[in-house]
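Position one of the sequence shown corresponds to residue 1 (our numbering), numbered consecutively onward.
Hints may be right or wrong, so weigh each one.
Claimed, not checked - Computed cross-link-like contacts, SDA-like style, restricted to lysine to any residue with a CA-CA straight-line distance of at most 20 Å: (1) K23 - A83; (2) K92 - T108; (3) K23 - D49.
These aren't lab readings, by the way, just hints derived from the structure by calculation.
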Amino acid sequence: MTDAAANASADANPMRIMMQRDKASSALGMVVESDEPGVAVVSMLVREDMTNGFAITHGGLVFTLADTAFAIACNEDESVTVAAGADITFLKSTHAGQTLTATAMRRTRSGRTGIYDVSVTDETGAAVAEFRGRSFTTNR
1 MTDAAANASA
11 DANPMRIMMQ
21 RDKASSALGM
31 VVESDEPGVA
41 VVSMLVREDM
51 TNGFAITHGG
61 LVFTLADTAF
71 AIACNEDESV
81 TVAAGADITF
91 LKSTHAGQTL
101 TATAMRRTRS
111 GRTGIYDVSV
121 TDETGAAVAE
131 FRGRSFTTNR
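When you get a sec, could you build the whole thing from the sequences and use the hints?
Next comes the structure, spelled out in structure tokens:
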């Protein structure tokens, strides 16, 4: 495959198209570190404007990071897969200047539904949060 053909193939990747349109993840500075079917790793540098009134990372943004990794892991082909539900357990607070990494892994997929676990860690590898997402593949 030529370089041009490889680039065209990568540009047509449904996950990459989805991420190019994801303005929220882009605005938060999320970086897709790796992706393969059923697995994704996404990182985010915590900025001052991402902290809450206690000067710790806002939990909603930790959830958003995990949700983005979940979305990438779910959308491995041309089908549109969305969240049917998700929950998170926060384990450790973090602060501005730290880098968080969300690693999503498919646990099971049956028919149009799936279960994915996402571990969020800080730059030392310490657990920050555990997220479980339930996916649903649409007819689109």
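Results of checking the hints against the structure:
1. K23 - A83: Distance of about 18 Å is within 20 Å: holds.
2. K92 - T108: Measuring from Cα to Cα gives roughly 27 Å; hence the hint is violated.
3. K23 - D49: Holds, at roughly 17 Å.
Hint 2 alone, counting from the list given before, is not met by this structure.
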